[in-house]
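Peer 1: So the chains spell out like this:
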Amino acid sequence: MAADVIAEKVDYKEISCQSCGANLLVEPQMLTAICPYCASPSIIQRPPTENRPTPVFTIGFVVTEKRAVEAVTNWVRRSSLFAKAAFRKAVPELTRGVYLPAYLYNAVAESTYDADIGENYTETETYTTTDKDGNTVTRTRTVVKTEWRKLRGRHVSYILDVVVTASKGVSNPALEAVEPFDLRALRRFTPKMIAGWLAEEPSRTQDECFQFAHGEAVEEVGKKLKGFMPGDSYRNLQYQTNVSQESIDLVLFPIWTFAVRYDESKPPVQILVNGQTGRVGGKVPISPVKVTIAVVIVLLIILAVALLFMAGR
Amino acid sequence: MSESDNSTIAAGIDRRECDSCGTPLERGDLRCAICGKAAPVLNVSVSNAETIKILRCTGCGAAVAYDPEKQAPSCSFCDSVFEVETIEDPMEQTEGYLPFTVAPDEARAQLQKWLSSLGWFRPSDLSSSARVQELKPLWWVAWVFDADARISWAADSNQGSRRSAWAPHAGTTEVVFDDILASASRGLNAREVGALSSGYDLGSAKDNPENAEDATIERFDVQRSQARKQVTDALEQMARLHVKGSQIPGTRFRNLHVSLVLQNLVTRRLSFPAYVMAYRYRGQLYRLVINGQDKTLLSGNAPYSMAKIAGVVGAVLGILILVLLMVAMTQ
Chain A
1 MAADVIAEKV
11 DYKEISCQSC
21 GANLLVEPQM
31 LTAICPYCAS
41 PSIIQRPPTE
51 NRPTPVFTIG
61 FVVTEKRAVE
71 AVTNWVRRSS
81 LFAKAAFRKA
91 VPELTRGVYL
101 PAYLYNAVAE
111 STYDADIGEN
121 YTETETYTTT
131 DKDGNTVTRT
141 RTVVKTEWRK
151 LRGRHVSYIL
161 DVVVTASKGV
171 SNPALEAVEP
181 FDLRALRRFT
191 PKMIAGWLAE
201 EPSRTQDECF
211 QFAHGEAVEE
221 VGKKLKGFMP
231 GDSYRNLQYQ
241 TNVSQESIDL
251 VLFPIWTFAV
261 RYDESKPPVQ
271 ILVNGQTGRV
281 GGKVPISPVK
291 VTIAVVIVLL
301 IILAVALLFM
311 AGR
Chain B
1001 MSESDNSTIA
1011 AGIDRRECDS
1021 CGTPLERGDL
1031 RCAICGKAAP
1041 VLNVSVSNAE
1051 TIKILRCTGC
1061 GAAVAYDPEK
1071 QAPSCSFCDS
1081 VFEVETIEDP
1091 MEQTEGYLPF
1101 TVAPDEARAQ
1111 LQKWLSSLGW
1121 FRPSDLSSSA
1131 RVQELKPLWW
1141 VAWVFDADAR
1151 ISWAADSNQG
1161 SRRSAWAPHA
1171 GTTEVVFDDI
1181 LASASRGLNA
1191 REVGALSSGY
1201 DLGSAKDNPE
1211 NAEDATIERF
1221 DVQRSQARKQ
1231 VTDALEQMAR
1241 LHVKGSQIPG
1251 TRFRNLHVSL
1261 VLQNLVTRRL
1271 SFPAYVMAYR
1281 YRGQLYRLVI
1291 NGQDKTLLSG
1301 NAPYSMAKIA
1311 GVVGAVLGIL
1321 ILVLLMVAMT
1331 Q
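As given, the protein sequences belong to chains A and B, one line each in that order.
Sequential numbering of the first sequence, starting at 1, is according to our numbering.
Sequential numbering of the second sequence, starting at 1001, is according to our numbering.
Check the hints yourself; a few may be wrong.
As the list claims (entries may be wrong) - Subject to a maximum C-alpha distance of 30 Å in a straight line, what follows is the list of computed BS3-like cross-link-like pairs (lysine-lysine):
id: 1; chain 1: A; residue 1: Lys283; chain 2: A; residue 2: Lys192
id: 2; chain 1: A; residue 1: Lys150; chain 2: A; residue 2: Lys226
id: 3; chain 1: B; residue 1: Lys1206; chain 2: B; residue 2: Lys1229
id: 4; chain 1: B; residue 1: Lys1229; chain 2: A; residue 2: Lys224
id: 5; chain 1: A; residue 1: Lys89; chain 2: A; residue 2: Lys223
id: 6; chain 1: B; residue 1: Lys1244; chain 2: A; residue 2: Lys226
id: 7; chain 1: A; residue 1: Lys223; chain 2: B; residue 2: Lys1244
id: 8; chain 1: B; residue 1: Lys1295; chain 2: B; residue 2: Lys1206
id: 9; chain 1: A; residue 1: Lys150; chain 2: B; residue 2: Lys1113
id: 10; chain 1: B; residue 1: Lys1229; chain 2: A; residue 2: Lys223
id: 11; chain 1: B; residue 1: Lys1070; chain 2: A; residue 2: Lys224
id: 12; chain 1: A; residue 1: Lys145; chain 2: A; residue 2: Lys226
id: 13; chain 1: B; residue 1: Lys1070; chain 2: A; residue 2: Lys192
id: 14; chain 1: A; residue 1: Lys145; chain 2: B; residue 2: Lys1295
id: 15; chain 1: A; residue 1: Lys150; chain 2: A; residue 2: Lys89
id: 16; chain 1: B; residue 1: Lys1113; chain 2: B; residue 2: Lys1136
id: 17; chain 1: A; residue 1: Lys66; chain 2: B; residue 2: Lys1295
id: 18; chain 1: A; residue 1: Lys89; chain 2: A; residue 2: Lys168
id: 19; chain 1: B; residue 1: Lys1244; chain 2: A; residue 2: Lys66
id: 20; chain 1: A; residue 1: Lys226; chain 2: B; residue 2: Lys1229
id: 21; chain 1: B; residue 1: Lys1229; chain 2: B; residue 2: Lys1113
id: 22; chain 1: A; residue 1: Lys283; chain 2: A; residue 2: Lys89
id: 23; chain 1: B; residue 1: Lys1053; chain 2: A; residue 2: Lys168
id: 24; chain 1: A; residue 1: Lys89; chain 2: A; residue 2: Lys266
id: 25; chain 1: B; residue 1: Lys1136; chain 2: B; residue 2: Lys1206
id: 26; chain 1: B; residue 1: Lys1244; chain 2: A; residue 2: Lys192
id: 27; chain 1: A; residue 1: Lys13; chain 2: B; residue 2: Lys1053
id: 28; chain 1: A; residue 1: Lys13; chain 2: A; residue 2: Lys226
id: 29; chain 1: A; residue 1: Lys290; chain 2: A; residue 2: Lys145
id: 30; chain 1: A; residue 1: Lys192; chain 2: A; residue 2: Lys168
As the list claims (entries may be wrong) - One-sided excerpt, in silico: chain B residues whose CB lies under 7 Å from chain A:
id: 31; residue: Ser1020
id: 32; residue: Pro1024
id: 33; residue: Asp1029
id: 34; residue: Leu1030
id: 35; residue: Cys1035
id: 36; residue: Pro1040
id: 37; residue: Lys1053
id: 38; residue: Ile1054
id: 39; residue: Thr1058
id: 40; residue: Ala1154
Rather than coming from a laboratory, the hints here were simulated on the basis of the structure.
All C-beta atoms, glycine included, are put in the ideal place defined by N, C-alpha and C.
With the hints as constraints, model all of the structure from the sequences given.
Peer 2: Dropping the structure here:
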């Protein structure tokens, strides 16, 4: 890992501050820069390319830095009992508030599906049993049985507002942990919205993001189909989905990112805060020792109960 | 930018359509409300070279930065706030008023006619002694929409059933919905809207209500986003009705699921004329609503004659007892 990081040369871009003339080094995927000498917020506009289109929308920060820090501190303290003790005591370090690039994907999904649909019916059957006097008797009872019928059909629906990350710094599950964003607050992108803040350009290719979005769309169709099946039950549901009328728009979402370093030998844990809603998400490191102790205690209790039970008989 | 775009800008009309599903976009829409596609940008400025700039306040020249407290870009020095195009969600406004073509006197006469047509179970003097207390012209509000829908459905029906009473069925169908009316009225109930809604001439809408001196003019009291939700709910309801009525085979069904996609959903917001009449019969108030363009379409309530109903019930019971007695006698 470490070797990789060193090998990956960052192609810094040199720009000069339009206010004081100082030379600044800017990472290539950044859309903004703040001059360290005069604090002037610069906006960098590049001609759009296929993998780096101009953002269409943005959602502005609502959560201030102070609120984000509070939210993360509380979240770390209240993290799972099984979290490593050092993690719960660690002080989260604010790295930055950043406008994260992500794609907003919409499409019409047309699917064909095959399934076995279970239709229940009741039958009266006779059976023999022994009554309390030990005699063999014949009785009747009604039982519910299921008849399986094949169903093949088509399903059309909208797939709306799938959000997939376009930044290599944040994975899809990490972004999902702080979703949803309230898309009613979308604004048309303008450089003014990101002035004074960090903003990234997409670092994943549009192809890769399309793949993600497509995968999520197919998953969503699966969920919808489950609710679409008639009958009392179903099994062997299989489907094929074609999408059309796809649209994919680059959106800059407000995210506060934090790093929690609880162990010098381990990489810090990334924690994100939704800059619109304040929702916190991150992966808590679980302490194997704590989990083992808990398992042992539970086993001991079961053993004790079993022993008591045996002794009682 | 295409030529048609230029001409709409020149005309100052904000009439755009979603590229993908043909649904008109309205002023303040950043995205299509139906399929989610971004609205095309009208003034695109594409720079071909990399530029670096500091955005400056037009008032004092200080740098502008986004401020989360104000939720807008703001000047750090003079506190000016800059507007950014955002999704607007205004209250719905009516686009036109259909004129009354039925005169108040005709409506009054229609009331008497209706009262005498109600049948034998009503009081005999209903038509003659009912007194109109009030006749109020009303413009009630509704959305009228057209859409092409592709509907997929699945349900159980008794057709083709074997051991179970049900067999699964599925299908797709395409329907053109034309001038479907979804009420936004608070004053009229669903039964009244159902009775009135068919007889209006939608092409006759005027910009202003005519002869509106003592009229009640309803307003839409929902925002655009809510209105769109109500319209799409109404569409889904229509789709279900269509599938129930003409698609599911057999005579009985259950577990109907419907999923649809739309093209060219066009919604108009209109105000419809009606007369609301209150009439009094033996101290009790009753209400009748009459379509303001077609007086035969109406919905109202009227009293029943308790004496007549009791008489009939008594007579039926008497006959039953007689029959029973006769049966008993013959045996």
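Peer 1: Does each hint fit the structure? Answer for all of them.
Peer 2: The hints, checked one at a time:
1. Simply put, Lys283 (chain A) and Lys192 (chain A) have alpha-carbon atoms about 33 Å apart, too far for the 30 Å limit, and the pair is violated.
2. Taking the CA atoms of Lys150 (chain A) and Lys226 (chain A), the gap is about 15 Å. The hint holds against a cut of 30 Å.
3. Note on Lys1206 (chain B) and Lys1229 (chain B): the hinted pairing holds, with a Cα-Cα distance of about 27 Å set against a maximum of 30 Å.
4. Of the pairs offered as hints, the one joining Lys1229 (chain B) and Lys224 (chain A) holds, with about 19 Å between alpha carbons and a cut-off of 30 Å not exceeded.
5. Simply put, Lys89 (chain A) and Lys223 (chain A) have alpha-carbon atoms about 40 Å apart, too far for the 30 Å limit, and the pair is violated.
6. About 21 Å separates the Cα atoms of Lys1244 (chain B) and Lys226 (chain A), which keeps this hinted pair within 30 Å; it holds.
7. Distance hint between Lys223 (chain A) and Lys1244 (chain B) is fulfilled; the C-alpha atoms sit about 24 Å from each other, no more than 30 Å.
8. For the given pair, Lys1295 (chain B) sits about 20 Å from Lys1206 (chain B) by alpha-carbon distance, which is consistent with the 30 Å threshold.
9. Distance hint between Lys150 (chain A) and Lys1113 (chain B) is unfulfilled; the C-alpha atoms sit about 58 Å from each other, more than 30 Å.
10. Distance hint between Lys1229 (chain B) and Lys223 (chain A) is fulfilled; the C-alpha atoms sit about 22 Å from each other, no more than 30 Å.
11. A threshold of 30 Å between alpha carbons decides the hint, and for Lys1070 (chain B) with Lys224 (chain A) the separation of about 40 Å lies outside it, so the pair is violated.
12. Using a Cα cut-off of 30 Å, the hinted pair Lys145 (chain A) and Lys226 (chain A) holds, with the two alpha carbons roughly 22 Å apart.
13. For the suggested pair Lys1070 (chain B) and Lys192 (chain A), the alpha carbons sit about 13 Å apart, so the restraint of at most 30 Å is met.
14. A C-alpha spacing of about 57 Å is found between Lys145 (chain A) and Lys1295 (chain B), which places the hinted pair above 30 Å, so the restraint is violated.
15. Taking the CA atoms of Lys150 (chain A) and Lys89 (chain A), the gap is near 58 Å; set against the 30 Å cutoff, the hint is violated.
16. For the hint pairing Lys1113 (chain B) with Lys1136 (chain B), the CA-to-CA distance comes to about 19 Å; that is within 30 Å, so the pair holds.
17. For the hint pairing Lys66 (chain A) with Lys1295 (chain B), the CA-to-CA distance comes to about 66 Å; that exceeds 30 Å, so the pair is violated.
18. Taken as a hint, the Lys89 (chain A) and Lys168 (chain A) pair is honoured in the structure, with Cα atoms around 29 Å apart against an allowance of 30 Å.
19. As the CA atoms of Lys1244 (chain B) and Lys66 (chain A) are separated by approximately 57 Å, the hinted pair breaks the 30 Å bound.
20. Taken as a hint, the Lys226 (chain A) and Lys1229 (chain B) pair is honoured in the structure, with Cα atoms around 24 Å apart against an allowance of 30 Å.
21. Our distance criterion of 30 Å between C-alpha atoms is broken by Lys1229 (chain B) and Lys1113 (chain B), whose separation comes to about 40 Å.
22. Our distance criterion of 30 Å between C-alpha atoms is met by Lys283 (chain A) and Lys89 (chain A), whose separation comes to about 16 Å.
23. Using a Cα cut-off of 30 Å, the hinted pair Lys1053 (chain B) and Lys168 (chain A) holds, with the two alpha carbons roughly 26 Å apart.
24. As the CA atoms of Lys89 (chain A) and Lys266 (chain A) are separated by approximately 16 Å, the hinted pair is consistent with the 30 Å bound.
25. At most 30 Å may separate the alpha-carbon atoms for a hinted pair to count; Lys1136 (chain B) and Lys1206 (chain B) meet this at roughly 20 Å.
26. Simply put, Lys1244 (chain B) and Lys192 (chain A) have alpha-carbon atoms about 53 Å apart, too far for the 30 Å limit, and the pair is violated.
27. Distance restraint check for Lys13 (chain A) and Lys1053 (chain B): the Cα-Cα separation of roughly 15 Å lies within the 30 Å cut-off, and the hinted pair is therefore satisfied.
28. Using a Cα cut-off of 30 Å, the hinted pair Lys13 (chain A) and Lys226 (chain A) is violated, with the two alpha carbons roughly 51 Å apart.
29. The suggested pairing of Lys290 (chain A) with Lys145 (chain A) is violated, with an alpha-carbon distance near 48 Å, which exceeds 30 Å.
30. Distance hint between Lys192 (chain A) and Lys168 (chain A) is fulfilled; the C-alpha atoms sit about 25 Å from each other, no more than 30 Å.
31. Here the hint on Ser1020 (chain B) is kept, as its CB sits about 4 Å from the closest CB of chain A, short of 7 Å.
32. Of the supplied interface hints, the one on Pro1024 (chain B) is violated, with its beta-carbon coming no nearer than about 17 Å to a beta-carbon of chain A, more than 7 Å.
33. Interface restraint check: Asp1029 (chain B) against chain A, minimum CB-CB distance 11 Å, threshold 7 Å, status violated.
34. Residue-level restraint check for Leu1030 (chain B) holds (minimum Cβ-Cβ distance to chain A is 6 Å; threshold 7 Å).
35. Annotation: interface hint on Cys1035 (chain B) holds; nearest CB of chain A at approximately 6 Å, less than 7 Å.
36. Restraint check, Pro1040 (chain B) versus chain A: the minimum CB separation of about 10 Å is more than 7 Å; hint violated.
37. Proximity of Lys1053 (chain B) to chain A holds as hinted, the smallest CB-CB distance being about 6 Å (cut-off 7 Å).
38. About 5 Å separates the beta-carbon of Ile1054 (chain B) from the nearest beta-carbon of chain A, less than 7 Å, and the hint is met.
39. Taking 7 Å as the C-beta contact cut-off toward chain A, the hint placing Thr1058 (chain B) at the interface is violated, the least distance being around 11 Å.
40. Because the closest C-beta pair between Ala1154 (chain B) and chain A is about 5 Å apart, less than 7 Å, the hint holds.
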